[in-house]
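Residue numbers (the working numbering), protein chains in the order written: chain A, 440 to 868; chain B, 148 to 414.
Among these hints, one or two may not hold up.
Stated by the list, open to error - Partial chain B-side listing against chain A, Cβ under 7 Å, derived:
| id | residue |
| --- | --- |
| 1 | 174 |
| 2 | 256 |
| 3 | 292 |
| 4 | 295 |
| 5 | 390 |
| 6 | 396 |
| 7 | 409 |
To be verified - Dumping the calculated DMTMM-like pairs for lysine to aspartate or glutamate here, alpha-carbon to alpha-carbon at most 20 Å:
| id | chain 1 | residue 1 | chain 2 | residue 2 |
| --- | --- | --- | --- | --- |
| 8 | B | 347 | B | 274 |
| 9 | B | 254 | B | 163 |
| 10 | A | 494 | A | 461 |
| 11 | A | 550 | B | 274 |
| 12 | A | 550 | B | 344 |
| 13 | B | 347 | B | 273 |
| 14 | A | 563 | A | 518 |
| 15 | B | 254 | B | 235 |
| 16 | A | 550 | B | 205 |
| 17 | A | 674 | A | 615 |
| 18 | A | 550 | B | 235 |
| 19 | A | 550 | A | 615 |
Hint data in this document are derived by calculation from the structure and do not stem from the laboratory.
Given the structure is predicted, the values throughout are model-derived calculations rather than measurements.
The C-beta atom is built at its ideal place from N, Cα and C for all residues, glycine as well.
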Amino acid sequence: MMCRIDQSEPEPGGKQDADATDAVFTSLLEDSAEELYEQAPCGYLSTLMDGTIAKINTTLLDWLGLARSEVVGRMRFTDLLTVGGKLYHETHFAPLLQMKGEISGIALDIKAAGGRMPALVTSKVKTSEDGEPLLIRTTVFDARDRRAYEAELLRGRRAAEEARRQSEADRVRLQEALAVLQQSLLPAELPVVPGLEAGSYYHTASPDLLGGDFYDLFPLDTGRWAFFLGDVCGKGPQAAAVTSLARYTLRAAALHDADPVTVLTTLNTVLHERYASGDGRYCTAIFGILHPADDGHVDLHLASGGHPSALIQRADGSAGYLPTPGGLLIGVLPRAPFTAARTRLLPGDTLLLYTDGLTEARTGPDRALYGEDALRAFTATQPPTGPKDLITALSGLLTSFGNGLDDDTALLALGVPAPSPTPASADLT
Amino acid sequence: MDVRRRNNVTVTGRADGPVLLLAHGFGCDQNMWRLVAPALAEHYQVVLFDYVGSGRADPSTWDERRYSSLEGYALDVMEICEELGLRDVTFVGHSVSAMVGVLAAAKAPRRISRLVMVAPSPRYIDDDGYRGGFSAEDIDELLESLESNYLGWSAAMAPVIMGNADRPELGQELTASFCATDLDMARVFARTTFLSDSRKDLETVTVPTLILECRQDVIAPREVGAYVRDVIPGSRLVTLEATGHCPQLSAPQATTGAITDFLAAAR
Numbered sequence: 440m441m442c443r444i445d446q447s448e449p450e451p452g453g454k455q456d457a458d459a460t461d462a463v464f465t466s467l468l469e470d471s472a473e474e475l476y477e478q479a480p481c482g483y484l485s486t487l488m489d490g491t492i493a494k495i496n497t498t499l500l501d502w503l504g505l506a507r508s509e510v511v512g513r514m515r516f517t518d519l520l521t522v523g524g525k526l527y528h529e530t531h532f533a534p535l536l537q538m539k540g541e542i543s544g545i546a547l548d549i550k551a552a553g554g555r556m557p558a559l560v561t562s563k564v565k566t567s568e569d570g571e572p573l574l575i576r577t578t579v580f581d582a583r584d585r586r587a588y589e590a591e592l593l594r595g596r597r598a599a600e601e602a603r604r605q606s607e608a609d610r611v612r613l614q615e616a617l618a619v620l621q622q623s624l625l626p627a628e629l630p631v632v633p634g635l636e637a638g639s640y641y642h643t644a645s646p647d648l649l650g651g652d653f654y655d656l657f658p659l660d661t662g663r664w665a666f667f668l669g670d671v672c673g674k675g676p677q678a679a680a681v682t683s684l685a686r687y688t689l690r691a692a693a694l695h696d697a698d699p700v701t702v703l704t705t706l707n708t709v710l711h712e713r714y715a716s717g718d719g720r721y722c723t724a725i726f727g728i729l730h731p732a733d734d735g736h737v738d739l740h741l742a743s744g745g746h747p748s749a750l751i752q753r754a755d756g757s758a759g760y761l762p763t764p765g766g767l768l769i770g771v772l773p774r775a776p777f778t779a780a781r782t783r784l785l786p787g788d789t790l791l792l793y794t795d796g797l798t799e800a801r802t803g804p805d806r807a808l809y810g811e812d813a814l815r816a817f818t819a820t821q822p823p824t825g826p827k828d829l830i831t832a833l834s835g836l837l838t839s840f841g842n843g844l845d846d847d848t849a850l851l852a853l854g855v856p857a858p859s860p861t862p863a864s865a866d867l868t
Numbered sequence: 148m149d150v151r152r153r154n155n156v157t158v159t160g161r162a163d164g165p166v167l168l169l170a171h172g173f174g175c176d177q178n179m180w181r182l183v184a185p186a187l188a189e190h191y192q193v194v195l196f197d198y199v200g201s202g203r204a205d206p207s208t209w210d211e212r213r214y215s216s217l218e219g220y221a222l223d224v225m226e227i228c229e230e231l232g233l234r235d236v237t238f239v240g241h242s243v244s245a246m247v248g249v250l251a252a253a254k255a256p257r258r259i260s261r262l263v264m265v266a267p268s269p270r271y272i273d274d275d276g277y278r279g280g281f282s283a284e285d286i287d288e289l290l291e292s293l294e295s296n297y298l299g300w301s302a303a304m305a306p307v308i309m310g311n312a313d314r315p316e317l318g319q320e321l322t323a324s325f326c327a328t329d330l331d332m333a334r335v336f337a338r339t340t341f342l343s344d345s346r347k348d349l350e351t352v353t354v355p356t357l358i359l360e361c362r363q364d365v366i367a368p369r370e371v372g373a374y375v376r377d378v379i380p381g382s383r384l385v386t387l388e389a390t391g392h393c394p395q396l397s398a399p400q401a402t403t404g405a406i407t408d409f410l411a412a413a414r
């Protein structure tokens, strides 16, 4: 190390250096108190309690472009302020100073020689020994740069506030538009079907995104009813466009020929034709028809294209899937096989259709998939009291998933009401 | 609605005495009266309050539409009179509050029987043949001053976050919060104060009226005081040996004396 400090020996010539520094200080300090006051880097003034200026320093006079004789005894402090400054002084500054005896850092504008000059003003009341106010001492700091910066900050803040208001308004408008669109993809309410009970539920994962789940229930001919429930891959406006196309295609195709496989085949052709050339859009769906018979049961005939199997809760409390294996996604291939299934719903039986938001919800600490087995087990624990009760139980289940439920979920339940039990006492009369 | 809490109403003085309702102007709150209230309380029942948007009034009850016209402030006054069941009130209004008193007296003549107008001005902006002392640009400048001072260089002007009311230094906090209100509310009050024109309303005054002006007041010049006296029939104008816009602070004894004399003569 080249640099070494030897503590034991005084540095040669140290005494002379100290003397020289003292000499410089002395010459500087010839700056008298008077000169310090007059040439201080801020404005000084003293006023009587009524504001009449009794003393003022050169710095401030220079800023004002006034001669001492024009000011002392002739002007009041407020005469140095712009009109806005005067108003502020009278309504805020003076009352506060009167009350507290001092006030600091107030932004006021003074009428300087070169025009308006932003300043920061601090005042203190000097009192006599018995507390009688004698005069007011005031310092005035040049705040031009600071005020320009403040003005810039204020402008920035206003612009940001305006932008925030605008974006909030846009967001509200967008959400309203999305809600209307979303409702156009789902029936406003399910129709009343004689001899059947129906319930549905729709969970929207995000109010800002249109979901791709859809369902419907509508009359065919001579007492038959059609239903469907499906799920378009993806979310957002593109998915919603496919959802809309799928929903109206299914309804139209069913009126022409309601055979479930034929209806799904038509949808496949339409989707494939429409989206084959672009970003392949497809969906899964179950379409079915219900045919109520005279003796109170309902014949069910459905077909699935790649959709999770329908679940049936029987009147005895058991629950089982109605398998439709091998049905392909709808819209992927020009020709696709779809699998049909038939069953009979007896009084007290309920058919449940759902989208995979339910079975793919994440549950528990390890965030495992909820799964079809769990759904069947859950359904089997529910009393077989009809579609509305089942939907209520399932919507409660969905809520219990919390943020484990991150996808849209549609539920549609259709059932044959059980005959209302005759009160035992009724037989006795 | 709890009007007492909303307007931070304080009642002092002789419970059986004639009622004085003291109303502050733009910029401050009921602290404005602290130097005159004790002397007045010896003879009168003194009611103090803060307008909503000022001092310690409940800011959650502020409504931009209501407080964008002097009628909104007059409504505060009438609701206080009603809530406290006040009758035969002498309304003492400082600055813009003098005009608020005019509006309230016209609407509730059975409650307000006398007016004391301290440094009043029915119109601050110059108009054809009328000199209020200010131009519209001046008022914009004032609004700018409001904004710059709310940036917080001065602890006295920036809104103060209220501390724990149980703490003994509460008095200090009161002082610190003096004049400090929400900027948006202050801006609305400033506009309402300085852009209103109440000259027509002065003509509705029928109650005995005392006008107090200062010898030198940049906000309410002498000719405005004379104007107010000329328009209100039978009114009395007293010029106090005081400078500035707040004689109740700069000349509290003279202010108290003038009010007491006026009330003694009115009886």
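Results for each hint:
no.: 1; hint: 174; in the structure: holds, 3 Å
no.: 2; hint: 256; in the structure: violated, 30 Å
no.: 3; hint: 292; in the structure: holds, 4 Å
no.: 4; hint: 295; in the structure: holds, 4 Å
no.: 5; hint: 390; in the structure: holds, 4 Å
no.: 6; hint: 396; in the structure: holds, 5 Å
no.: 7; hint: 409; in the structure: violated, 23 Å
no.: 8; hint: B:347 / B:274; in the structure: holds, 14 Å
no.: 9; hint: B:254 / B:163; in the structure: violated, 25 Å
no.: 10; hint: A:494 / A:461; in the structure: violated, 34 Å
no.: 11; hint: A:550 / B:274; in the structure: violated, 25 Å
no.: 12; hint: A:550 / B:344; in the structure: violated, 29 Å
no.: 13; hint: B:347 / B:273; in the structure: holds, 15 Å
no.: 14; hint: A:563 / A:518; in the structure: holds, 19 Å
no.: 15; hint: B:254 / B:235; in the structure: holds, 14 Å
no.: 16; hint: A:550 / B:205; in the structure: violated, 38 Å
no.: 17; hint: A:674 / A:615; in the structure: holds, 17 Å
no.: 18; hint: A:550 / B:235; in the structure: violated, 48 Å
no.: 19; hint: A:550 / A:615; in the structure: violated, 54 Å
Hints 2, 7, 9, 10, 11, 12, 16, 18, 19 from the list above are not met by this structure, while the remaining hints are.
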